[in-house]
Amino acid sequence: GQSLEQPSEVTAVEGAIVQINCTYQTSGFYGLSWYQQHDGGAPTFLSYNALDGLEETGRFSSFLSRSDSYGYLLLQELQMKDSASYFCADDHNQAGTALIFGKGTTLSVSS
Amino acid sequence: DVKVTQSSRYLVKRTGEKVFLECVQDMDHENMFWYRQDPGLGLRLIYFSYDVKMKEKGDIPEGYSVSREKKERFSLILESASTNQTSMYLCASRGMPSYEQYFGPGTRLTVT
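Sequence lines, in order, name chains A and B.
Residue 1 is where the first sequence starts when you use our numbering, and the numbers rise one by one after that.
Residue 1 is where the second sequence starts when you use our numbering, and the numbers rise one by one after that.
Chain B extracted, bound-state conformation (with noise of 0.2 Å):
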């Protein structure tokens, strides 16, 4: 079974500072991508990357970075948190040619 983990369920983080959510998979995957969801917006893809030191700006990359060293991990910063920023964060991979993406269970981060 594919494993996606994230590096916390609850964060709780003060307007500012530096955030770092970690997201690790386990089969292997090409290609890796950040989520945000909110009520009534779905799910807006922040980045993706589809390799090791790739990524790709997604809908909504204002105020986020992020970093993928190794294949198995893909890591979301928020280089300085703001309370907009408050939102469940989601990783997912996906590996090719399948078209499922696995996702991860979450990070509700909330930003005071």
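Isolated chain A (complex conformation) (with noise of 0.2 Å):
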């Protein structure tokens, strides 16, 4: 079946990096997302890696190593605003349209 593999919770404090990793086992695995989701809100975009190696955006970072099944998100100079749950997603339909989630990381940071 399909699943993706993430810790539940993480935590840390400002200012600190914190990696949160993602292992998948798919078929017909396109590419890996990355989503934070604020307590109450929608989750929203953070990136994609659809090739190996890291992508930077800001603050975050995703990396991907398709040989490995294996992906994960890089949070630097950790803030207060960055306490959400972050979910792990593969691009795994044939369309190349549908994601399945990981249940996703809380992660907690604290001062």
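Think of the hints as simulated: they come from the structure by calculation, not from any bench.
The hints are all genuine.
FRET-style restraints, in silico, Cβ to Cβ:
| no. | chain 1 | residue 1 | chain 2 | residue 2 | range |
| --- | --- | --- | --- | --- | --- |
| 1 | B | R9 | A | S67 | 36 to 46 Å |
| 2 | B | L41 | A | I17 | 25 to 35 Å |
| 3 | A | D68 | B | S98 | 25 to 35 Å |
| 4 | B | S65 | A | K81 | 37 to 47 Å |
| 5 | A | G15 | B | D1 | 23 to 33 Å |
Within a straight-line C-alpha distance of at most 27 Å, the following computed DSSO-like cross-link-like pairs (lysine-lysine) qualify:
| no. | chain 1 | residue 1 | chain 2 | residue 2 |
| --- | --- | --- | --- | --- |
| 6 | B | K3 | B | K53 |
| 7 | B | K3 | A | K103 |
| 8 | B | K55 | A | K103 |
Per the computed footprint, the stretches of chain B lying under chain A, defined by three or more beta-carbons under 8 Å from a beta-carbon of chain A, are:
| no. | segment |
| --- | --- |
| 9 | 39-48 |
| 10 | 99-110 |
By construction, the Cβ of each residue, glycine as well, lies at the ideal position given by its N, Cα and C atoms.
Can you join these two chains into the complex? Each is in its own frame, and there are hints to help.
Encoded structure:
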């Protein structure tokens, strides 16, 4: 079956760096997306990796290794507002349209 | 800015009722999706549509149906609501070739 595994919770302090890992077992893998969701809010898109390597967007970076079926989201210079749930998601549909989400990682940033 | 709107933020229905959840997007996106989100289970895909009148089952379609008569509107239908369908329902849209899905604010449905 299709599955993406990520840690359920991560805690860190302001200013620190945190890495949220995601391993996947899916057929027809197209790419790995990351979404952020604050409490009570809608998920919002952070990044997408179609190819192996690191994609950097400001304080956030995302990495993919297809050979290891593994990716991660790296958050640097953590701020309190980064406290949220983070989901990795796999573009798995043949048409490349549908996403399968991991169960999410709750990040708590303390001062 | 892409906007995805959902008809209700909160909805309370009784067991056995027929429930309609409406979703509208304003960016002419081809693809629309319905997910449900439950604590500890993440987002699970119910149905998606890649064109008007086209639909595909997701991972958990049982007990649900969908309708897409117009490109901008995607409806989720619970034919006979049950208590295990109490959940947060999220609609999303995506315009190809972009990878980004845009989510609506969600509808928290309670079935009593």
